[in-house]
Amino acid sequence: MPKNDLTFLLGGEAGQGIESSATGFAKAIAHAGLHIFDLRDYRSRIRGGHNFAQIRVSAEPVTSHRETVHVLLAMTEEAVRRHYPQIPAGGAILYDEAMPVEDAIWEAVQARGIQRFPVPLRKIAEEIGGAAVMMNTAATAAAAGVTQFPFSYIEEIIRVNFGKRGEAMVSANLKVADAAYRYALEHYAAGFDHTIEPIPGAPSRMLLNGNEAFAFGAVAGGCRFAAGYPMTPGSPVLEWLAGHANQYGLVVKHTEDEIAAICMAVGAGHVGARALVPTSGGGFSLMVEALGFAGMSETPVVIYNAQRPGPSTGLPTRQEQGDLLFSLWASQGEFLRVVLAPGTHEEAFEAGWRSFNLAETYQTPVIVLGDHFLATSSRTLEPEALDLSAVKVERGKLLSPAELDALEGEYYRYAITEDGVSPRAVPGHPKAVYVGEGNEHDYQGRIAEEIEDRVALNAKRLRKLETARQSMRPPKRYGPAEAPVMLVGWGSTVMPALEALRILNAERPTAQYLHITDVWPFPAEAVAQALGEARVTIAVENNALGQMARLIRQETGIRLEHFISKYDGRPFSPEYIVRGVREVLHA
Amino acid sequence: MPSMKDLQGRDRPTWCPGCGDHGVLNAVKLAMVNYNIEPHQLLIVTGIGCGSKLPQYMWVNGLHTLHGRDIPIATGAKLANHKLYVMTVSGDGNTYGMGLSHLLHAARRNINITSVVQNNQVYGLTKGQYSPTSETGTVTKTSPPPAGAIEQPVRPLALALIAGATFVARGFAKDPRYLADIIGKALMHRGYALIDVLQPCVTFNRVNTYDWYSERVYKVEEQPGGYDPTDFAAALEKAQEWGDRIPIGILYQVERPTYEDHLPAIQEHSLVELGVHRDTAELERLKREFM
Chain A
1 MPKNDLTFLL GGEAGQGIES SATGFAKAIA HAGLHIFDLR DYRSRIRGGH NFAQIRVSAE
61 PVTSHRETVH VLLAMTEEAV RRHYPQIPAG GAILYDEAMP VEDAIWEAVQ ARGIQRFPVP
121 LRKIAEEIGG AAVMMNTAAT AAAAGVTQFP FSYIEEIIRV NFGKRGEAMV SANLKVADAA
181 YRYALEHYAA GFDHTIEPIP GAPSRMLLNG NEAFAFGAVA GGCRFAAGYP MTPGSPVLEW
241 LAGHANQYGL VVKHTEDEIA AICMAVGAGH VGARALVPTS GGGFSLMVEA LGFAGMSETP
301 VVIYNAQRPG PSTGLPTRQE QGDLLFSLWA SQGEFLRVVL APGTHEEAFE AGWRSFNLAE
361 TYQTPVIVLG DHFLATSSRT LEPEALDLSA VKVERGKLLS PAELDALEGE YYRYAITEDG
421 VSPRAVPGHP KAVYVGEGNE HDYQGRIAEE IEDRVALNAK RLRKLETARQ SMRPPKRYGP
481 AEAPVMLVGW GSTVMPALEA LRILNAERPT AQYLHITDVW PFPAEAVAQA LGEARVTIAV
541 ENNALGQMAR LIRQETGIRL EHFISKYDGR PFSPEYIVRG VREVLHA
Chain B
1001 MPSMKDLQGR DRPTWCPGCG DHGVLNAVKL AMVNYNIEPH QLLIVTGIGC GSKLPQYMWV
1061 NGLHTLHGRD IPIATGAKLA NHKLYVMTVS GDGNTYGMGL SHLLHAARRN INITSVVQNN
1121 QVYGLTKGQY SPTSETGTVT KTSPPPAGAI EQPVRPLALA LIAGATFVAR GFAKDPRYLA
1181 DIIGKALMHR GYALIDVLQP CVTFNRVNTY DWYSERVYKV EEQPGGYDPT DFAAALEKAQ
1241 EWGDRIPIGI LYQVERPTYE DHLPAIQEHS LVELGVHRDT AELERLKREF M
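If you read the sequences in order, they're chains A and B. Last residue of the first sequence? That's 587 in our numbering, and every number before it is there in order. Last residue of the second sequence? That's 1291 in our numbering, and every number before it is there in order.
In isolation and in its complexed conformation, chain B is listed as follows (with noise of 0.2 Å):
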């Protein structure tokens, strides 16, 4: 079991002081210990974002990417060799906006991958623009008054659902245990998690405070006549659920083969493991397919 020194990173984070960044981090590297994942075990592969630098802050397999390419790139490394855990971290910029279509097809193929999305509703790393879970209205730089952003927000955990993923929740940046928690059982879930995260950017977004979160957040499980996080409707109403009331939690789960599951190539060993050469008896049978 690793320990939270062995998950010591070479270089510290460059965030922002009270970045929400720092909570994330902290909260993957609890949910390593607690469910004892060795940095060799799991691989981290991020976009671009200030958040995605994750990797480069803690002792584990990283693939710093693209913006809004990392699950593809994940999911290649996945089919590739399953025998990994493997998770992205990146912001909402990059996920909900350039990557969405990735999200919302490895969702409805049951990947077995975990996104985790650190969402601060702007963008960090290129100072301050509107993103696409920024409110209705909300003036930035690219979204200048008097109408601020037009757009209707997206509403990430609604599309995952939807898309079919087997595992949707939400987390905040301010409680890494929780977050750890539910990042511990997206990684033994067996399908495509999507964790949305609260994360507040506490230079570019002077709304989405952690007071601001702290005064609405709730856990779906602690509400009253408790939660069944197995109903579909019941999730997609509280994915739905924005403004002075947001549900944390895991708000769906539910059990789906994975894409792997179909693959007969994979179910003994991973592409890894098969290698790369080939039997030439074999090959002299592919031949006479062309005769």
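This is chain A alone, in the form it adopts within the complex (with noise of 0.2 Å):
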């Protein structure tokens, strides 16, 4: 009997709960001691269309979600629709008994040898809790019942989710899912092959997904103000934000717009305080001039770029990695910015302290891509996964009031130096008056037209370019050595790359997979020599043009030689990545 490696589904409208019903059962199970990948589709509407969380359970650490459903709660005939062919023989659909459906949908399940599982979850709603908004709670009792998980968990969620709304809430609650696990419990468990089993011992974990991961991040690295304006997917960053910012000491500003938000972040940055800008690809758009007023008057600042489909207004709620360019030489005029792309919860997490470390030490913006798989993705995690014993906090040459007490002579703002970043200091110290620039200037930061200084200060800038190199991280490299084909990706592609790697690597080595997480300044050196090593090439992005490929085609001169490409807006599954290279190696 296959024991704790399944996938439950819960699909419906939105407004219908399913968003944070299936946070608690995925939270549930994780507290059993399980890992949990749990994806996320919801449409851009606040009631109504199709929304779902697709929960991926797993004794072991698991990267991804799979294609394949086991259990479907469906709470309209659409999700019966749409997902029926995910699931497998010997899957159940898990439904409310008066929730019609075409019997033309049921003769195709039935074809497929897919259990239906009704269960009264309205009556029980109604009749034991007294409104029908409990069938949330009815449906996932019901799918632990059938999956013969222990009532304690799913006793311990709703005690702490509806514990703020009061007993009689929490009561009410609690009668409804007993009720609906057992329904489920006695009518089907018995016929169906998946359980969930708790895991004795596990260590607690952390469920997160990646944009808290990078908030927290954030707040590790000493983050105090951040600004935005509400943009999907990045909001959840600066609503995190404020959420903590009496408790942790940090100014949290929803601003007028996008412009006004990167505006104040760059005027934080300027006085000293470690700034971040969260937003999407249109609010970044929106940010372009104050991210060129930051890179000519060197002043540090984080952008989150958590990237959704575009042009335009595209697909607000959905997948895409196409802002790779975008970010690289958004801004008129030529300066250092540094870009990073983090692929997992770790690598989020690291980036959200690590930004503020090389905008500071380099005196200029850093974007961190991020994108919406990633973003709301949740993970489980071990708690030292997020190593805070890693964080480290680097200023570069920011001059402390001591050092400014001590300073002989005048101050100079853009002093010329040979790595090109010069000693900083915030406005507030006698010794260090000046005035920070955005017109082209002196070393003083006086307005300056003449050729001397242009070039000068210029190239000085420009210098920063290859300094930061230096703390470029070279790319991660997964799988055997001997695997002929290496799959070339950034961001999150990694985490279905590497369940990808598994079914591919089964019966002999076939593919490794190159991470690149350090985007600008490109480290060249490291993935030609990566790229150099394999036989075949091939780049794995969420967009339709292969905008890594290209760029390493322009930082390395190797052209990969395929490209697996998405971009209807859904992220890779792992499936979708191997079928690609199968095609790939049989064509």
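Bear in mind the hints are in silico, worked out from the structure with no lab data behind them. What you were told as hints is all true, and nothing was included just to trick you.
Below, in silico cross-link-like pairs of lysine-lysine (DSS-like), each with a Cα-Cα straight-line distance of 25 Å or less:
{"#": "1", "chain 1": "B", "residue 1": "K1185", "chain 2": "B", "residue 2": "K1219"}
{"#": "2", "chain 1": "A", "residue 1": "K460", "chain 2": "A", "residue 2": "K397"}
{"#": "3", "chain 1": "A", "residue 1": "K175", "chain 2": "A", "residue 2": "K164"}
{"#": "4", "chain 1": "A", "residue 1": "K431", "chain 2": "B", "residue 2": "K1083"}
{"#": "5", "chain 1": "B", "residue 1": "K1219", "chain 2": "B", "residue 2": "K1174"}
{"#": "6", "chain 1": "A", "residue 1": "K392", "chain 2": "B", "residue 2": "K1287"}
{"#": "7", "chain 1": "B", "residue 1": "K1005", "chain 2": "A", "residue 2": "K431"}
{"#": "8", "chain 1": "B", "residue 1": "K1005", "chain 2": "B", "residue 2": "K1174"}
{"#": "9", "chain 1": "B", "residue 1": "K1141", "chain 2": "B", "residue 2": "K1127"}
{"#": "10", "chain 1": "B", "residue 1": "K1083", "chain 2": "A", "residue 2": "K397"}
{"#": "11", "chain 1": "B", "residue 1": "K1287", "chain 2": "A", "residue 2": "K164"}
{"#": "12", "chain 1": "A", "residue 1": "K431", "chain 2": "A", "residue 2": "K460"}
{"#": "13", "chain 1": "B", "residue 1": "K1127", "chain 2": "B", "residue 2": "K1174"}
{"#": "14", "chain 1": "A", "residue 1": "K476", "chain 2": "A", "residue 2": "K392"}
{"#": "15", "chain 1": "B", "residue 1": "K1185", "chain 2": "B", "residue 2": "K1005"}
From the structure, some residues in chain B lie toward chain A, with a derived Cβ separation under 10 Å:
{"#": "16", "residue": "L1063"}
{"#": "17", "residue": "K1078"}
{"#": "18", "residue": "V1272"}
For each residue, glycine too, the CB sits at the ideal point set by N, CA and C.
Put the two chains together into one complex; each comes in its own frame, and the hints tell you how they fit.
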């Protein structure tokens, strides 16, 4: 009997409470010591449409969802129609017994050997709980019953989630959950193959998404100021920071627009606070002029762009990696910006604090490119996975008040240096009175139009490009070194890619994965070296034009031979990558 | 206390001889002298335009930024270090055109910064196009005859009042002492202050000249019967008075908690003072929230 290896899918309309039920359900299973990968798919609307949460449960750590669904909790007919093709024979659809579904769909379900598990969800919710809204509680409890997952974990989560709303609410939900659980257990558990069994002695784990990991990392790295304008999928970072601002000593500002957001952050960065701007591509587009100002005035600021498909409003709640080359060249003129592309929750946390070190060390904007898949997917992590002992604070050539006190002679903000980085003072010290300049200027910060000044200062700023390259990490390489195929990707693609490697390499070493996290200044030598050892190269990118492949060609002269592309607004699944690799190999 | 000499910049202004910006520069320096503000205690954030080069021509912390964006940049600076005096200095095109929404939001926030707007009713640095405060009918290269400027001019002081500014004033560049007094009071005021400055452009605006303004301006506090700057209705009336008579002085000043007053994180220390180091135990606690 398959134990502790299955996927639930909760599907229904927006407004039915799927999102919070799924979160509670995933947490309950995580508390039982199991690993979770929780993928979210939702539409840009408040009510209606079709949303779902796909929760993969495993005894082993997992880094991605899988296409196969074992238990579908269908709150609507549409959920059945869309998702039954993902269910293998023996899998089950759990639904309210009164939910109307077309005969043709049920016939198709029957033909695939999928089981139907009707449960009186509405009846239980209304008659025992007194409100139809408790159908969600009933549905997740029934899913637990079907898989024989001990009720105590469901009970614990209900107590935590509804505790704030009073004992009556807790008690009503518990009664509903109990009735639905018992109904499913008694009627269906015996006939269903998959079970979830708690793992005794498992450590307590975190369950968090990439946005939360990044925001936590930013706080760990001394972020004190954040400004943003709500935009999916970046705004949860703003919300999370706002919710923690008073306790952790931050000022978080929801601004009138994204231009104001980055401007406030640049102002805060100029006077010495670590400042963050969470956004998505559309917001980042508005910020471009101020990005250039930060580059010219040499002001540290961190921009977190959780990418979504564009152009324009595009697909607001979906996945794409389409902003890579835009990030590298956004703004008029030439200047250093550092671009990081974390791919996992651990890397998102690390980018959270590391980005501020890079911004202050090189006195320039740092762009962290996340994406919808990483931003919104939750994963279980051991607490040590977000390594607080690794967090370092590096402020580069920032002069302390004591150093300024001891300063002999004049302070020059844009002093010409060999590495391009000038000693930085923040306003407030009598020995460091200066003007930060957005016009071209001389080493003192005086507006300057002479050829010598322009050349000296532009060259100084651009020397930081080579200096910063030394801080860029080489790509990470996964899989057996002797595998002939090298997949090349960046950002969150690593998560399904790692699972794809397990499938591809099950019989013999077939594929390895080159994961580029530090995008700019490009670690060209390390990438070229890795690619030089590969027999077949395949770019894997959530975009149509192969932006990383183009960047690699630009920076190393190496042309990746093949391209597994996806620009349908949905993330890669491991299976999709596997199919892509096999197509290349069998072509 | 700084002297006028202490505030002398490295470079001489590049403004046209007779430009109203010279008067504004003098007034800013005088305000610092009169109110005992040292150069390192003040940050002047400016946008883009002739007048936005002001910090280059005196000795003070400056940040010369982008067209229209000085107010949000100043807001961020203030929120990060509210122990600095923070002021913006920019023109009418910058502040009432590109940056108008930022002005209104700063006013309703009551962030404790002072905005000095050099209002010459024309674009100087780009050579003579009409501005948001140009009178209807003004003929320029971008508002050619016969119609000239078609829009109604922006009435900045009325807008600031409606948006919730707690200090609304107007000065005249020809009278730097009077303007300096307003600027000083605005810097001492706790909350958002807008000072619109009548600042003649001697090159591109041949209508709104020193003489044109001199014939029309009067000081509100000198009007018969006196003037109560806490009277919102009176202020709104004065803010819309334009034409034969133009009021200058502090039209409105009231007390209201500033934006910073509402932020628990910075009641004791500024964000800059709080620094960048986090306590590991505090972060371990945060981790448990995800469990």
